[in-house]
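**Q** This is what each chain is made of:
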Amino acid sequence: MLVACGDDKQAGDDKQAGGTEPQTLTISFNSTSTWPEPKAILTEAKKGFEAINPGVTIELQEEVAADDAYTTKLELRLSAGNDLPDIISIVPGLADGWAAAGYIQPLDAMLAEWPEWKAAFPEAVRAGAIQADGKTYLVPLAANNIGIWYNKDVFEGAGLPVPWEPKTWQDLTDAAATIKDKMPDAIPMHLYAGKASGAIDNVGKTFLPLLYGTDSTLYDHSTKKWQPAEKGFVEAMTFIHDSYEAGLTAEEADVLSPEIWSFIGPWMKDAELGFVPDGNWMSFAWVEGGAYEWPEWGDRLGVAAFPTQNGQSAGKVSLGYKGAGFGIVEGSDSPNLAMEFIKFASSKQSSVGYSQRTGQLAVRSDVLADPAYSDRPTVAEFSALLEYAQYLPGTEEEVKVWALLTDLIEKVAFGKITPQEAADSWNSEMSAAVGASLWAG
Amino acid sequence: MAPAIILLGTFLAAPIAYAMYLSLTNASLTGKAARNPSFVGLDNFRKLFASDELPKSLLLTLIFVVGSALIGQNLLGLLLALLMQRRHRIVTATVGIVVLSAYVFPEIVPGFMWTSFLSRDGVLNQILDFVGLPAQAILIDQPMLGVILADIWRATAFSMLVYSAALGDIPDELVDAAEMDGASYLGVLWHVKLPLLRRTAFTNLMLITLPTLSVFTMIFVLTGGGPGDESETLPLLMYHKAFLFRELGYGTAISIVLLAIGSMFSLIYVITLRPGREDRA
Chain D
1 MLVACGDDKQ
11 AGDDKQAGGT
21 EPQTLTISFN
31 STSTWPEPKA
41 ILTEAKKGFE
51 AINPGVTIEL
61 QEEVAADDAY
71 TTKLELRLSA
81 GNDLPDIISI
91 VPGLADGWAA
101 AGYIQPLDAM
111 LAEWPEWKAA
121 FPEAVRAGAI
131 QADGKTYLVP
141 LAANNIGIWY
151 NKDVFEGAGL
161 PVPWEPKTWQ
171 DLTDAAATIK
181 DKMPDAIPMH
191 LYAGKASGAI
201 DNVGKTFLPL
211 LYGTDSTLYD
221 HSTKKWQPAE
231 KGFVEAMTFI
241 HDSYEAGLTA
251 EEADVLSPEI
261 WSFIGPWMKD
271 AELGFVPDGN
281 WMSFAWVEGG
291 AYEWPEWGDR
301 LGVAAFPTQN
311 GQSAGKVSLG
321 YKGAGFGIVE
331 GSDSPNLAME
341 FIKFASSKQS
351 SVGYSQRTGQ
361 LAVRSDVLAD
371 PAYSDRPTVA
381 EFSALLEYAQ
391 YLPGTEEEVK
401 VWALLTDLIE
411 KVAFGKITPQ
421 EAADSWNSEM
431 SAAVGASLWA
441 G
Chain E
1 MAPAIILLGT
11 FLAAPIAYAM
21 YLSLTNASLT
31 GKAARNPSFV
41 GLDNFRKLFA
51 SDELPKSLLL
61 TLIFVVGSAL
71 IGQNLLGLLL
81 ALLMQRRHRI
91 VTATVGIVVL
101 SAYVFPEIVP
111 GFMWTSFLSR
121 DGVLNQILDF
131 VGLPAQAILI
141 DQPMLGVILA
151 DIWRATAFSM
161 LVYSAALGDI
171 PDELVDAAEM
181 DGASYLGVLW
191 HVKLPLLRRT
201 AFTNLMLITL
211 PTLSVFTMIF
221 VLTGGGPGDE
231 SETLPLLMYH
241 KAFLFRELGY
251 GTAISIVLLA
261 IGSMFSLIYV
271 ITLRPGREDR
281 A
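Going line by line, the protein sequences match chains D and E. Heads up, the first sequence is in this note's numbering, so the first residue is 1 and it goes up one at a time. Heads up, the second sequence is in this note's numbering, so the first residue is 1 and it goes up one at a time.
No lab work stands behind these hints: they were computed from the structure. Among these hints, one or two may not hold up.
What the hints assert, rightly or not - Restricting the straight-line Cα-Cα distance to at most 25 Å, the calculated cross-link-like pairs of lysine to any residue (SDA-like) are:
#: 1; chain 1: E; residue 1: Lys47; chain 2: D; residue 2: Ser425
#: 2; chain 1: E; residue 1: Lys56; chain 2: D; residue 2: Ser431
#: 3; chain 1: E; residue 1: Lys32; chain 2: D; residue 2: Gln227
#: 4; chain 1: D; residue 1: Lys46; chain 2: D; residue 2: Thr34
#: 5; chain 1: D; residue 1: Lys73; chain 2: E; residue 2: Lys56
#: 6; chain 1: E; residue 1: Lys32; chain 2: D; residue 2: Ser33
#: 7; chain 1: D; residue 1: Lys269; chain 2: D; residue 2: Ala436
#: 8; chain 1: D; residue 1: Lys416; chain 2: E; residue 2: Phe245
As the list claims (entries may be wrong) - Quick partial rundown of chain E residues pointing at chain D, CB under 10 Å, derived from the structure:
#: 9; residue: Arg35
#: 10; residue: Asp129
#: 11; residue: Arg199
#: 12; residue: Ala260
Each residue gets a CB set at the ideal place from its N, CA and C atoms; glycine is no exception.
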């Protein structure tokens, strides 16, 4: 029950944030040495919020850990149920599972009382934030998708056209082969394949853009079932296998490293990499204050759309990944105060800073309209790709799908299993992994 | 007796009982099954024994235990104990400290040390480069070899101590008598010392097999069970299923299998060590 702090009316505070709730908030999040968020946004929001609300104390509980390890620890903590934080950062892919497990609380009632929710967040964004159970658990800070970053210096050195617009998978292979031939000091292309750095890498940046460029999909949104592996699955895996076998990719030890995503920054800056399918957020490394600050990044790097297999259909593929947002843990004794903080952290000013630091695409309409945001390099290119973006459902069994796929991709890339064997594995294990009712095989 | 039973009950029996219960459910770290795990009987075990990953993981675990404990730690410990017999106190003290330090550190320390030793730009490759030999990527090409070597390095101290104590117990008269009969050092070793060490050897094996069976941190830090599943012993498989796949029920089923294997080993040793089976030298 609410603790009796009701007498703490501060001078100058007409409506004390959170009413009679305890005036402290604990926020749990993880940080790594190169990725700035959500540490930066929370630190700034804490300063600002405490300044406006004297009497409120915010405790930031930072865990220095990689995403996967931190998530495991957080889930254990949430399932244990004692000493819970009030606010956590929620990645949409995990929200369904956490909601079903009762770890987080729905925000619908509090969002209904927040005029900015309807005013500044477009309908598509608000609809996209609704989980499988029909409720909303987080306020999204950003959106993301996948494109192909390429280094213009490497391309020009190899005699390849700039701007580059690959139309088919063969164009990708040809460009890589040309770079390998003409620029031997550069890695021609990086296709994420290792599983140690997390599923978003080899599944989300390499495999899915390939798969969705064939006529196959992984998930049918209308029947709500995961799809069996057919020709497209095998061909996507074959492309990965062949690229590795032809030596067009980075060294095995690097590819298998859990830190591989942080190598792109220095590789691109030093013109040691030709191209890489990756997320819009990779600019975090080169922006002002980033780990590999590079003022010319906007000029020296280009963004191309990932092509479909033979240039068919729309010709371009992108995978959309909804950005993380903050949510409130079930059982928090200051939910209203927590919501006030979340509103503050999701404000226009806070969101602009977040997008600038992380390279993630803004979702608020007032940020999208602000030239300080939209004039920045690659924002226009990646925003244009949103039109072609495919999404996975983010449902609770999806973590298992990712765990299964990330393993298969690594094995195919390094020749441990054949693409057909990977497809067979997928077909035989998915029913048990997601349950027969969600499997179309 | 009662306090001991209570302690054993709380800290040993209760977690085991809870693990057994969990293995019969579909408990999970996220999703509906996290809030309301339901009883699924022996489904987890059925799925486990029908899976492809169990035989491979069992084989890798066997290789690891035989390589690290039965052969590596056992023989190296014996060798070190023999070499240190009747040496100068300073030598025994220095060797003792070095070997023991490796043992006393938490597994993660030698784990990181060996990662830096075996990695692409690590010390091993620097030495090979200096000598003109090609660089090795042991953790990628021969992951089991890498983890076995690292584990032997870390854990040999225990065997060394056990054998040192046992060798010290061998009466000098027996050794002197054999030498007077014309036996060489190796002759003395083979005909006098080793037979007397047989019981010690079994005890030592029993004491090092079980901890080696459950080695997790060392392998996790060195290879993470990879590349792929090339070094995914049972503890690693358990971790992957319980925490990466979030299937706590299935993961605990694997831990019960590990428990059963450990119990089997213990039973073998206990039966072998029963009084009345010992050869008299």
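**Q** Hints first: check each against the structure and report whether it holds.
**A** Going through the hints against the structure:
1. The suggested pairing of Lys47 (chain E) with Ser425 (chain D) holds, with an alpha-carbon distance near 15 Å, which does not exceed 25 Å.
2. Note on Lys56 (chain E) and Ser431 (chain D): the hinted pairing holds, with a Cα-Cα distance of about 22 Å set against a maximum of 25 Å.
3. Distance restraint check for Lys32 (chain E) and Gln227 (chain D): the Cα-Cα separation of roughly 23 Å lies within the 25 Å cut-off, and the hinted pair is therefore satisfied.
4. Between Lys46 (chain D) and Thr34 (chain D) the CA atoms are separated by roughly 21 Å; this keeps the pair inside 25 Å, and the hint holds.
5. This hinted pair does not check out: Lys73 (chain D) and Lys56 (chain E) have alpha carbons roughly 28 Å apart, beyond 25 Å.
6. For the suggested pair Lys32 (chain E) and Ser33 (chain D), the alpha carbons sit about 34 Å apart, so the restraint of at most 25 Å is broken.
7. For the given pair, Lys269 (chain D) sits about 47 Å from Ala436 (chain D) by alpha-carbon distance, which is inconsistent with the 25 Å threshold.
8. The straight-line distance between the Cα atoms of Lys416 (chain D) and Phe245 (chain E) is roughly 21 Å, inside the 25 Å bound, and the hint therefore holds.
9. With 10 Å as the threshold, the beta carbon of Arg35 (chain E) comes within range of chain D, its nearest partner Cβ sitting at about 5 Å, so the hint holds.
10. Below 10 Å, beta-carbon pairs count as interface contacts, and Asp129 (chain E) has none with chain D, the closest being about 16 Å; its hint is therefore violated.
11. A distance limit of 10 Å between C-beta atoms decides the matter here; for Arg199 (chain E) the minimum to chain D is near 44 Å, and the interface restraint is violated.
12. With its C-beta approaching chain D no nearer than about 23 Å, Ala260 (chain E) sits outside the 10 Å limit, and its interface hint is violated.
Comparing the model with each earlier hint shows violations of hints 5, 6, 7, 10, 11, 12; every other hint is respected.
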